[in-house]
Each structure stands twice: as C-alpha cells, then as structure tokens.
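Enquirer: One letter stands for each residue in the lines below.
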Amino acid sequence: MKEHTGANGQFIELTGVTKTYPMGEGHIVALDDVSLALQPGEFSGLVGPSGSGKTTLLNIVGSLDEPTSGRAVVLGEDVAQLDEKRAARLRNLHIGFIFQTFNLLPVYSVFENVEFPLLLLRQPAEQRRRAVADALERVGLGDRAASRPHQLSGGQCQRVAIARAIVKNPQIVLADEPTANLDAENSHKVIRIMQDLNRDLGTTFLFSTHDEKVVGYLRRTITLADGRVASDETGSAET
Amino acid sequence: MIRFLIKGLLRDRSRSLFPTLTVIAGTTLTVVMYSWIRGTEADIIRANANFNTGHVRVMTRAYTAEVDRMPNDLALLGADELTAELEQRLPNFDWVSRIRFGGLLDIPDASGETRAQAPVTGLGVQLLDERSIDREILNLDNALVRGRLPSAPGEIVVSDELYRRLELEPGDTATLISSTMYGSMATINFAVVGTVEFGVTALDRGAILADLEDVRLALDMEDAAGEILGFLTTGIYDEELTSRAADDFNDWIGSGGDEFEPVMGNLRQQSGLATTLDLAGAVSLALITIFVVVMSIVLWNAGLIGALRRYGEMGLRLALGEPKGHIYRTLILESVTIGLVGSVIGTAIGIACAWYLQEKGVNIEPFLKNASMMIFNVMRARVTTTSLFIGLVPGLLATILGTSISGLGIYRRQSSQLTKELEA
Ligand SMILES: Nc1ncnc2c1ncn2[C@@H]1O[C@H](COP(=O)(O)OP(=O)(O)OP(=O)(O)O)[C@@H](O)[C@H]1O
Ligand SMILES: [Mg+2]
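Which chain is which? The protein sequence lines are S and B, in order. Sequence positions in the first sequence follow numbering that gives the first Met the number 0 and run 0 to 238. Sequence positions in the second sequence follow numbering that gives the first Met the number 0 and run 0 to 423.
Which chain B residues stay away from chain S? Per the calculated CB distances, all over 12 Å, these: (1) V66; (2) L76; (3) D277.
Okay, derived cross-link-like pairs now, DSS-like style, lysine-lysine, Cα gap no bigger than 30 Å in a straight line: (4) B:K323 <-> B:K6; (5) B:K6 <-> S:K84; (6) S:K84 <-> B:K323; (7) S:K212 <-> S:K188.
Derived by calculation from the structure, the hints in this document are not laboratory data. As the structure is a prediction and not an experimental result, all values here were calculated from the model. Heads up, the beta-carbon is just placed ideally off N, CA and C, and yes, glycines get one too.
I would like the entire structure built from these sequences, with the hints used as guidance.
Expert: If you want it as structure tokens, here you go:
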C-alpha cells in the first residue's frame, strides 16, 4: 500500500459524488455531484458558508463516511467498497485528522495523546518514543510532553493535535476548521506549522475553513456552495 | 495498548470509581444476604431436627395424626427391638428414642404442701445411655446453665426460666403429675440437679428433661417410645437421602392399615417446613436475580452516561483508525476489569460481614415471646463456599451486561455521526 496513484485512479479523486441525508419525508443534499482531484503534496482548502458540505466532504475523503452515489477513490481505494476494518486501516496508516475542538483525551498526557495512533499501529516502544518526541519538537512542544491537556492553552492543544495527526507520517492530513477556536496569533502559528510540515515532509493537507487568515496560506482554494463546487482556484497563496 | 487503556481507566474516576463502588456495594449485599438466608435456613433445619423431628422420625400412624397432643397412649411399643432393626436397615443414621409428655410440676415446701406449680412440657431422652448420641444432639453440655446434668436415675434438669419462675434451689425435689400410657394418674418425684437453656424460646419457656428410662417407669411405658428419631451420621440434613430412607422403611413395613404400625417421615414432611425451605431457595435465587437486574440497569446507565461522555473519544479513536469492533472489545475489557476488581473487593467485604454475623448473630428473642416455632433466638449467617462465588455472578454479569448494552450505541451510530460529536 505505498504507491496508490495509478491503477485505481488518482491520489484522491471524487467523481460525481453526491451525499444525501434522510430528513423527514424527503432528504437533505449535503454534497451535490462533486468532482474533484487532489495531487500528492497539495496544500488546499475547502471554503464556503456553513452547511455547504465541507465537513461531509472531508469525512468521505477520510473514509469515515461514504457517498450516496458517485465514486470516491482515496489512495487507490474506493471508499464505498471498503469494509469497516479496511477503512479503519486506511485511516490508521495514511490519514491524520485535526478537529476544530482539538479533541485531546483529557486523562492522558501530551505524550500519550500523540502516542495513541502508534499504539494502534503496534509500533515498538522505542520507535514510538522517538516518533512522538520528533512530532512534538516539530510543533514546538518538546518540553510539554508530560503536561495534561487542561494545563495547555488552546493554541498549544491544537499543536498537540497536529503532532498526533502527523506522528505516523501519514500521506494525507484532513483539518476541519483547525483555527476556528484560536485567536489570530495562534491561528497563524498553527497554519505555519502545517505549512512547514507540508514543505518538509510532503504531506498533503486538505482544510475546511471560514477563516480568511487560513485562506491566505492556501495554494488551492475550493469553494463550496450548497454542496456544489462553486469555484476552484490554484496559485493564490504565497510560498 | 492494554496498559494504555488501564492507565486511562484508573485516571478517569467517573469511569472506574463509581462503577467499581456500585459493583462492590451490590456484591457485598449479595454475599451477605445469601449467607444470611443460608444461615437462617440451616439454623431452622438444625433446630427442627434436633429438638423436634430428627432428620427422619418414626411414630405410629395414630401418633403421627395427633402428634401435637403428645398422645402417649398411641406410642410405639417394642421400641428397642425396632431401633435395633433400624440400625441394621439404615446404618447411615444414628437412632434415638424420645418420649414427649405434658404434665404439672409441683414443688413442695418443707411440710410437703405445694409451694409452687407450673405446667410443663417434658422430654424423656436417653440421658444415661452411654451409647446414645442424644446428649450431643441436644447439645446438653453447652445448654447447661446451673448445676449439672443428670447422672443417675431420678434426676432431671429443667429450663432455666422455669427454675427461676418456680424459685427452685439446687437439689430441690419436684413432683411430676402426669398420666400413664393407659390413662391413670402418675406422680413421681425427681431431684432437680441443674438447669438448661437451648436458645429456642419454644423450649426454654417450660421444659423438663428426664432420662428416658425414668419416664418409661413413671408413665408405665415399658419398652415404649413416643418417637424414634434418626440423624444422618454426616450430621447434615439431606432431603434425598432421608426421603429415600423413609420410602424404603415404609415399603418394608407395608401398609396393613394398622393404627399402631410405625411410619417414617423426613424433616421436610413432618415439620411443616416444606414451604419455608422452598421459600429460602426461591428467595436466594430471586435476590440474586434482582441484584443482577438492578445493578445492570445502574451500570448500564453509568455506562450510558459514560459512553455519551465518551462518544467524543470513540469518534476520535475511529478517526485515528481504530476499528469499531476493537473499541467495543476494549469497552468490554474495561468493564470486565471493573467487574472483577469490584466483585473481589465486594466479596471480601461481604464475607467479612457475613462471618461477623455468623460469629455474633442477631438476637431476635424479643420477637419470639409466644413462638412455638423451633427457631434459635440468635439468627446467624453462614459462610459457605458458595458465598465465595455467588458475588461474582451479579458483579461480573451486571457490568458486562451493562456495558454491552450501552456500548452497542457505538455500533448503531455511523462513524461520521460519532466524529460529529467532536464538533463543538
Ligand atoms: N448526519 C446528518 N444528518 C442529516 N443532515 C446532515 C448530517 N450531516 C450533515 N448534514 C447536513 O448536510 C449539510 C452539510 O453539512 P456539513 O457539516 O458538511 O456542512 P459544513 O460545510 O461543514 O458546515 P460548517 O461550516 O457549519 O461546519 C448541512 O445542511 C447539514 O445539516
Ligand atoms: Mg463543518
């Protein structure tokens, strides 16, 4: 499972993806015939008003959900064809998630929170220790490994969440409104860290965001409106 | 991974402490209640066996019909021969002969006039017969309060309460006024050499205990016995063994319809305890079922609240690539751990309490003022090997059941729905 582009399609390729949710008599259309491809190493963002389908799209790419119709291929796997176990394995090996509300496990230390994905991968202890230390170093929290989440600021928590997402060196990181709960300074800090990771490790980032500050960093901006791709612009960002 | 989960469990008190305390409480109560019921049941059986029916009892058919009246005119004749026969046929029993009788105990003053008088219930037992085990059955050495036990013909002991009521002195002479087997009046003098207290109110109110041979002589009951009691040599009542023995014996005697034929019945058939004993069994079963159900519901709700609180965690773990089945199994594992730890602690506490109740007992004498039931004044729990395991049933079953049910929510929910809990 190393080279996924090719046989089964692109790195990430959505073709005519529609997602509806039953609602009373009828249904809600969350995504409406979305076609879209992402290349390895992209630093892209989904923007659009609330309810436009950003989270839904991220969930499908993250194999947490499947399209109602259309085809979603992620790393060569058709998301709709994956059973629960194989979807979990795909996420486990190749996809990192970052959430608006950080979602650190409060009873565990910073180190243990970042270590968790590696435990799922059954990595040996020494390898885990090195990877966690390295990831925390990258987000500038090398000295806070023993702290508990409640002892950290919001910005620090989000940086721990980033470390947790990248500790297994995934191919894709999906970040759903990562700066929504942060002030301006921390937002910039967090997004720059992700920019560095994208540059240094070649990790593909896909954001969803309302945040103009984030949009400024994006190399590709995909705008959703009512579940449809309204525009798709490349090359707006610095770097 | 398991270390990681246990660490989380220990640090999250609401996930470990409350459910563990619930399990401990439930297990403790189950163990104590179970031991209590078992103790009460065993004591009721013991009191009835020792003072009333034996494990099995042989009487004439006619005597059986009117046993409450102590109808010695209907007693077994040729009792010694019958005992020899019983010893041979049913060697797994020890046999003792007894005669029950009613009468008046009259205490004369120095000039021979009546100083005090009381109605008594008498029991003629084989006090002086070296071979008889009845001294042990009646636990006489421990029951002795004052003086000594009879060691020669013509000596009796009386219940301590009677002794005080009649203001007796050691060595006093007492005259028993009763009637012989053939209906004529009998008066006989005894020397009161001691007092006893059995701890059974029905007996301690006004009983006298005399040697069987003295009673036979006094009541003109040569070689007769009101009842012959059999006690399993194991000392433990066994429903099946005793009812089989009774059936065998009754088959052997046959049924000629003769009123004076001996008939054997076991404790359950004779004591009116059938319902009581059935009830004890049913109650302990019901009790355990109730504890399992109630604790499951409590733990389910605790688990449910926990799981609701933890939907965020579950969603996160799913997003990090942990399969649902694995998450579910770890939840069960957590609950088994809690169930085991709680059950073990609860059982330890429960056994300690039950043991205390076994040694100390609870005195229910005030409630037994007019009781005629053969029941000890001090109720005790009884710790058995089952007490050790009975607590595990509700402890483990309830936690696992509770978590399984609440954990199913994870399966019912879509992955994307669980991760939605992650959004503020
Ligand atoms: N599980 C669900 N059941 C029913 N409707 C849903 C469900 N999930 C999403 N929707 C609907 O689908 C549409 C798209 O939702 P989605 O969460 O993708 O929007 P979003 O762009 O992420 O919005 P926001 O910026 O507020 O996070 C919305 O109308 C939402 O109400
Ligand atoms: Mg959203």
